[in-house]
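Asker: Chain residues, written in single-letter form:
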Amino acid sequence: GAVVSQHPSWVICKSGTSVKIECRSLDFQATTMFWYRQFPKQSLMLMATSNEGSKATYEQGVEKDKFLINHASLTLSTLTVTSAHPEDSSFYICSATADRRGNEQFFGPGTRLTVL
Amino acid sequence: DAKTTQPPSMDCAEGRAANLPCNHSTISGNEYVYWYRQIHSQGPQYIIHGLKNNETNEMASLIITEDRKSSTLILPHATLRDTAVYYCIVRLSAGNTPLVFGKGTRLSVIA
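Chains G and S supply the protein sequences, listed in that same order.
Residue numbers for the first sequence follow the numbering used here, beginning at 1 and rising by one.
Residue numbers for the second sequence follow the numbering used here, beginning at 1 and rising by one.
It is worth saying that the hints were derived from the structure and are not from the lab.
A quick note: this is a predicted structure, and the numbers were derived from the prediction, not measured.
Errors might be hidden in some of the hints.
So, partial list: chain G residues that the calculated Cβ filter (under 8 Å) puts toward chain S [as the list claims (entries may be wrong)]:
| hint | residue |
| --- | --- |
| 1 | Leu26 |
| 2 | Thr32 |
| 3 | Phe34 |
| 4 | Pro40 |
| 5 | Ser43 |
| 6 | Leu46 |
| 7 | Thr49 |
| 8 | Glu52 |
| 9 | Ser89 |
| 10 | Thr97 |
| 11 | Gln105 |
| 12 | Phe107 |
| 13 | Pro109 |
For glycine and all other residues, C-beta sits at the position ideal for the given N, C-alpha and C.
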C-alpha cells in the first residue's frame, strides 16, 4: 500500500519557538494533503487542505498565520507551528490522496508536539 | 460535522466476531461509507469502503442496509491487536474531499 511518513515523530519545544513538521508520500505523488490535529481522548479535527503549488485552505477557527502550510512538491507538505504555546500541544497527523488510487486517503503516523 | 452516529464503546471476546454499527441516515446517493481505525497514538488505518453493495476484504466485511441509512463493520475473528477506535465516515468518492471524523467507537477486544 501507499506509505506516508511524518518527521519528526515527536518534538518538545519551548513556548514562543516555531516547529516544522514534514509529511511525505514515499511511493506515490500526492496532489492533495490534509492536516489534522487530535487532542487527548478526542477525534481528529481537520485543520487544512493543501494542494500542490497553491495556497492551503484552512478550516474555520484555524489561524493561517500561526499554522503555516507549504506544499511545494507532489511528495512533500510541511506544517510550521509558529510561536508555539502550550495550548498547541497536540498530535498532528497528515494524510495524502493519490489520484491514481482513487480517493483513498493514506495517513502518516502522526507527530506529537509538546510545548513547554 | 460528521454525518454518522456510532456507539461510544464496545467489548468483544477474542476470537469472536466484532460487529460495529453505524447510522448515517442523511447519506446522499453519491456518498460512500468508509471505515478507518486508529490504534492508540498512531495514524488512522483504512479498513474498507462501499457504496451500496456489501464488501469484503482481508481485514473485514461491510454490510450496508438496502436503504443505505446504516451499516455494520464486521471483524470476523477479533484479536487483541484489533483493539482501537473505529471510525465510520460518509464521504464523496469523487474529488479530493477530506475525511471528517466523528467520535468513533472504541472497541476493546478482551482475552
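Asker: Taking the hints in turn, state whether each one holds.
Answerer: Here's how the hints hold up against the structure:
1. Leu26: violated (14 Å)
2. Thr32: holds (4 Å)
3. Phe34: holds (5 Å)
4. Pro40: violated (10 Å)
5. Ser43: holds (5 Å)
6. Leu46: The hint holds - Leu46 of chain G has a Cβ within 8 Å of chain S, the shortest such distance being about 5 Å.
7. Thr49: Nearest chain S Cβ about 6 Å off; hint holds.
8. Glu52: Violated, about 11 Å.
9. Ser89: violated (14 Å)
10. Thr97: Hint on Thr97 of chain G: holds, closest Cβ of chain S at ~5 Å, below 8 Å.
11. Gln105: holds (6 Å)
12. Phe107: At 4 Å from the nearest chain S Cβ, Phe107 of chain G passes the 8 Å test, so the hint holds.
13. Pro109: Check passed: Cβ of Pro109 of chain G comes within 5 Å of chain S, closer than 8 Å.
Hint compliance for this structure: hints 1, 4, 8 and 9 are not met, and every other hint is.
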